[in-house]
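Trainee: Since each chain sits alone in its own frame, please combine them into the complex, following the hints.
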Amino acid sequence: MNARNRSVSSSESIALADVNEFIAAYEASPRFGESEVRFSILRNFTVDGIDLFLKYRCYQAHVTPTISIGSYDTIIQEVMDKTSHVHASAPDVIILALLLETFAPDSTSPTWSADETQAELERLFSLIGTESQALVAVNTFIPPLHPESGLICRAGRRDKASEVAKLNQFIRSYVRERPDRFLLLDWERLALTLGAEGTFDSRFWFMYKSPFKKSFLDLYAQELAKIAKALRGMTKKCLVLDCDNTLWGGVLGEEGLHGIKLDRHTYPGNVFYAFQQNVLNLADRGVLLALCSKNNEDEVWEVLNQHPACLLKKKHLASWRVNWQDKATNISELARELNLGLDSFVFIDDNPTECDLVRTLLPEVTVLTVPQRLYTYPPILWEDGLFDAITASREDDQRSAMYGQERLRSLEQAKFDSMEQFLASLEISISVHEATAGELPRMAQLTQKTNQFNLTTKRYTEAQIQYFASDPSMAIISLGVQDRFGDSGLTGVLIARHIGESCLIDTFLLSCRVIGKSIEMAFLRRGLELLKARWGPVQFIGEYIPSRKNGQVAQFWNQAGFTECAHAAESDSRLYTTAPGYPGPSPISHIRVED
Amino acid sequence: MAISRDEQKLKGIMARLFRVDPDLITEDTSSETIAGWDSLRHMDLVTALEEAFGIEFTDEQILELLNYRLIKLVLKEHGVEFG
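Chains as they are written, first to last, in the numbering used here: chain A, 11 to 605; chain B, 172 to 254.
With the rest of the complex left out, here is chain B (with noise of 0.2 Å):
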């Protein structure tokens, strides 16, 4: 099944942000289990997703960005599509 362009983009994001294959990213990747996910890659994460995708996530949102199923989740509610 292709990976649609979006899902391409939020994997490499993640993927150079914590130095991992995105290949090896799964829905329940999350923070447990990337080493180098603290508050300070999640900062960074929450920047790199609203830049790439010209969003602004709200406060909850930011806390809800737990795992890769749950970034797919909001990022849907801000009109990103995933195939």
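Bound-form chain A, shown alone (with noise of 0.2 Å):
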């Protein structure tokens, strides 16, 4: 089970017999030179659920954990005690569980004050601290669920919320202040996240004396395994970023700069707008970032630049790949030319079929999708702490992550073949005829708003498209296009005019979405088909007329085995031609044509 691109929400419940069959199957599985990582738990309550969900969550990170866990309330006899678990295990982390009412059995009482309690733990965690070279998690307090005084604050009284405060804020500064030796397990956070029916097991605890229900225990054991994770240097170090739907809402190529989605206030721009404040936290951090987009490099700088709600600039790029090139060839460059593996890197997208393709063809990055539920995408780059870093790091930090000549050489070689099997994977279907009367409004549309692959530019009204539909010298074919995911719907305009013995193609475009996959081709291939079942065998007349947007398909009539025949100085245009018997563009393999 490739577990590493799945993202389990802290709120998914867990139960406990896929738990079980998950870690029988993964120690039964054969695993070779997984990382290992010792944790040794001191604990005073009943923790030994613990073990179970530190497994599984370490087991889904591919490492290995080893725990030992310390006897039910000794834990200042066997820090003091060389020979005890605690130092015999030679433990990476160890995990300090404490529960407030066994640690300071006053604190139910209203008198009690933190100000002892306090002085008791700063010696605890000294006496740790120095018995021991292990890195040390210590956790948070839960504040009580109900306050005493009821609705009331009463005057000269200590009231158990603010005493445990106090203590959570003594903890929280004491582990601020030694950043390579501690760490701060937040159950207050935890709580917070999960509320008193996730957190308390009432019945086990009166019965049993464990407190914490499962779903407590597996949120714990989680941020234990990024804990692990990061200690073995599987922290991400680069964050790669799609432009389009991903930074901000909308097609720029389509919309443009003040027609992208993108705003502090208003939805849903300002769900993009705290998405970049998220990312640039991540910056703060360390993280790199770059781009992978296809768009036109000018208008994303231009959007990075000029429009007032995008935070992300260009100088905290470490590098980018704006282009039409595919996205696992420019991730891979990415890692060539920031010197690092493939597994240091995240790479998000809207896409789902960018994101697959990413996926299948480059198994080590780890691939995020922007979600359905949009106001739940801000928090996603939280996730399993993907980026999380350990200050004094145990592992080389220089993990040399240098991809040799020949490893990329293969690479890409195998990147062929599967790129051909990814395309064939999605099914693409096509749908190419004369356009109806009720798509005559959508092919006007189109020539409205489609800017990149276009290579006329030119724009029509419905009643210049409809009085195009009612001449016989005229033809729109239309392209549909329906894959594995759905369809795209109406996609591709080819607009041709029966001229003598040729056959001049007035417009061919196709919308963004469908770019990239050789639909084109086989678009243009069947168009020029039916309009040679139309009108016989005609000489057909590319024409090519460059914008600002459309420079990709500049080569577009070369590739299609056109021959250049004129070139207009001034206006940069040329027109291009065929040959007799020319036989149009060859079949694509991965996609069916139908009528």
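I should point out that these hints are in silico values taken from the structure, not numbers from a laboratory.
Values in this document were obtained by computation on a predicted structure and should not be read as measured data.
Take the hints with a grain of salt, since some may be wrong.
[Claimed, not checked] Simulated restraints, written as ranges between beta carbons of each label pair: (1) E252/B to V603/A: 34 to 42 Å; (2) P154/A to L244/B: 38 to 46 Å; (3) P389/A to E203/B: 43 to 51 Å; (4) I174/B to T76/A: 36 to 44 Å; (5) D192/B to P373/A: 33 to 41 Å; (6) S159/A to I174/B: 39 to 47 Å; (7) R164/A to E252/B: 52 to 60 Å; (8) I174/B to A25/A: 16 to 24 Å; (9) E252/B to L155/A: 34 to 42 Å; (10) I174/B to N288/A: 49 to 57 Å.
By construction, the Cβ of each residue, glycine as well, lies at the ideal position given by its N, Cα and C atoms.
Mentor: Written out as structure tokens, the structure is:
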């Protein structure tokens, strides 16, 4: 099970049976060279359920944990005794799991003050820090659920919530001041995430002194697994971002600088704004940022430089690949350029096809997809502690990540074979036919909106398109695209004019959505067949009128097998023709053509 | 005599939790006869049974789950059928 790319939300409830099954299957399967992390748990309550979840979460991260759990409430003895499990097991991390009720039994009394408890805590932390070289993970306490004085805070009386807050404040500062030795396991935040229902098991607390529900232990285990991953250098170092519908709402090439959705206050722009804030937080932590997007570069820089709500700037970027090349190749190039292993990368994109492509061809990269429920998008970067690092990493930070030339070469060869397989797996089918009356409005709209894959950028109104449709010397051919993920709808327009023995292609365009899978060639091939069927063996004339945005199609007619025959110097536009007996572009094997 | 689906489910849960062969579970199988059946495993058993059968035991019932025969009896009170 490749659990690396699967993020399990913390509120998903885990069935014990499934956890056991996963562990059994994982332990039975062959594992090679897996990292190992040794945990030693010092506790004062029944924490044994943690064993199971710690294995579960560490196995998902491909780390093997060794866990030793101390006796019920003999922490100090175990720390002082050099032969105890704490020292003998040579742990990487000592987990100090303290329940307030047991550590400070009079915390249940209304006169309890945190001061003495704090002093005891400090003595304990200091003792462990001195007696051991391991990292020490300590927890905050969970605040009381019910206010002791009801609605009123009584003057002159201690109140447990404030006392617990004081203790937690002390614990947080203590850890903050010792980043190379201590780590914080914030039970207060975990309880906040799960709520009382998901945290406390009153039944088992009273019956067996086991205070926590499985959901809490699982969430606790996830935090510990994050520590394990960080310790073994598995922290992700670079975030690669798509642009359209990832950094902002909408497609830049179609909506333009002022049409994309990116705004501090208004929905949905504010979701992307919040996401960008989180991206910058990562940059601030030292994570590298890169763009990998199918856009025109200068349009992207325009957004970064000029859009008032774009927080991300070019200066935040370590590198970028803004082009029409496939994203797997782009990310491989980024890895080479930044001198990082592919397993250091996280890639985020809104398009499931792009995500699938990268997931399939570059399995070491963690791939995130922008969720359907957009309001859940901004915190996606915090999932699984992907970027969480430990300041004093026990691993050699110089994890050399350079791919040898040979490895890259074979990667590229494998990529080519896989790319074909991948494209075939998409099950793309296209429908090409003369546009029906009902399709004409959409045809007109496409001529107005499409900027990038557009050979001549001629804009037509609905009335004009209707007129063409009624003119026997003209043909309007539409393209519909479907694949395994669904129906993309009408996404291409071919307008042709019959002139004597020739057929001039006035308009040939494709919507952004369907670029990059050779659909254009399949469309052209079938479109020309239809035109030949209608007007006989004509000579085709293709036109290319350069614009600010259609640079990517400059070579299109050449690629289709046409020959350049005229070039107007001032406008830089070109004409291309076909030779007699021109067979059309080669058929595309991974695309099925219907009529 | 064919074993009912629910009985199979029950044996499967106990087998996995206590690491025993399901075919070796008898009416008298209890915490006395199985090494791994301590109070911690007992809690896991309670949770696993509640999850698997979609029920909730009362506190008294938790204390009554002492051996295989008694477990079946308690489960029957919750509408589980053992054929």
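Trainee: If a hint holds in the structure, say so; if it does not, say that too.
Mentor: Hint check results:
The hint said 34 to 42 Å for the Cβ distance between E252/B and V603/A, and at roughly 57 Å that hint is violated. Restraint check, P154/A to L244/B: a C-beta distance of roughly 40 Å satisfies the suggested window 38 to 46 Å. Against the hinted window of 43 to 51 Å, the Cβ-Cβ separation of P389/A and E203/B comes to about 50 Å, which satisfies the hint. With their beta carbons about 39 Å apart, I174/B and T76/A fall inside the hinted range of 36 to 44 Å.
With their beta carbons about 38 Å apart, D192/B and P373/A fall inside the hinted range of 33 to 41 Å. Taking 39 to 47 Å as the suggested C-beta distance range, the pair S159/A and I174/B does not conform, at roughly 58 Å. The supplied range of 52 to 60 Å is met by R164/A and E252/B, whose beta-carbon atoms lie about 57 Å from each other. The given range of 16 to 24 Å is respected by I174/B and A25/A, whose C-beta atoms sit roughly 23 Å from each other.
Between E252/B and L155/A the CB atoms are about 40 Å apart, so this pair conforms to the stated range of 34 to 42 Å. Taking the beta carbon of each, I174/B and N288/A are about 54 Å apart, inside 49 to 57 Å as hinted.
In this structure, the hints that do not hold are numbers 1 and 6, in rising order.
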